[in-house]
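Participant: Sequence:
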Amino acid sequence: MSQADIDATEAPLLDHLIELRKRLIYCVIGLVLAFVLSFAFSTQIFNILILPFEWGTGASAKLIQTQLLGFFLVKLKIGFFGALFITFPLIAIQIYRFVAPGLYSNERNAFRPYLIATPIFFVLGACLVFFFLLPVAIRFFYSLIEGTGGGGQSAVELMPDVLSYLDFVMMLILAFGLCFQLPVILTLLGQIGVLSYEQLKSGRKFAIVGVFIVAAVLTPPDPISQIAMAVPLMALYEVSVQAVRFLESRRAAQAAKEAAAE
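Be aware that the sequence shown starts at 88, since it is given in my numbering, and climbs by one per residue.
Hint data in this document are derived by calculation from the structure and do not stem from the laboratory. Since the structure is predicted, the reported quantities are computational estimates derived from the model, not experimental observations. Careful, some of the hints might be misleading.
Per label pair, the in silico range of CB-to-CB distance [said to hold, decoys possible]:
#, residue 1, residue 2, range
1, V186, I207, 49 to 57 Å
2, R195, R108, 19 to 27 Å
3, R195, L155, 50 to 58 Å
4, I314, K344, 15 to 23 Å
5, K109, L265, 20 to 28 Å
6, G297, F185, 37 to 45 Å
In this text, a Cβ means the ideal position worked out from N, Cα and C, and glycines have one as well.
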């Protein structure tokens, strides 16, 4: 580690505060612009968000509205949801640019690939919810009321409120998107030496308990949603364990190569 690398990580407190304000301004501007764009196309976005409902029920969506300002609130929520979804990569980049001056050059090089992996895994989690979990969960909920009346007819007609449905969809998408950051976080901690393969391997049983607790907290109180989150998270945890193992083996091989060269 050269003295230039060490000096590059030092800066007065005022410079840090100015840099933080600059990054926050960028994030706020990005959120505002994305909100305006999402609100302008909120009806089209809503038509996309009700597709899992139609896939699950096998019919056209029939949602109800019980408030006078109901659909206006829907458009506002879609605007905020779309703004957060669109600006997620921008926020991640601004966080990196804020902390990058405090990192050594090798740490900055190790950190950059995770900027690409973060939005990719977020989208993967959102796609899992949109194309699989929501249709399956909605089909399961509707199957519970089938044949509740006489003659094979349903005595209960399920007509979800549009605000409740939207909250349900957005909560699951955001929860899965954030939970799918698990391999990114664990691999990054393994890359910088905070976690090791042995620690992750020995902590597997605690990870299983933690995953099911997180799934119970973040998902609706039904077994389908909880299992649908817990199983992919455990798979991602195992992927993280093997990724950290690969990083350690590569680091050991590099160290052995440098030692042989000396």
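Participant: Now look at each hint and say whether the structure bears it out.
Facilitator: Okay, the hints, checked on the actual structure:
no., hint, in the structure
1, V186 - I207: 49 to 57 Å, "violated, 21 Å"
2, R195 - R108: 19 to 27 Å, "holds, 22 Å"
3, R195 - L155: 50 to 58 Å, "holds, 53 Å"
4, I314 - K344: 15 to 23 Å, "violated, 45 Å"
5, K109 - L265: 20 to 28 Å, "holds, 26 Å"
6, G297 - F185: 37 to 45 Å, "violated, 29 Å"
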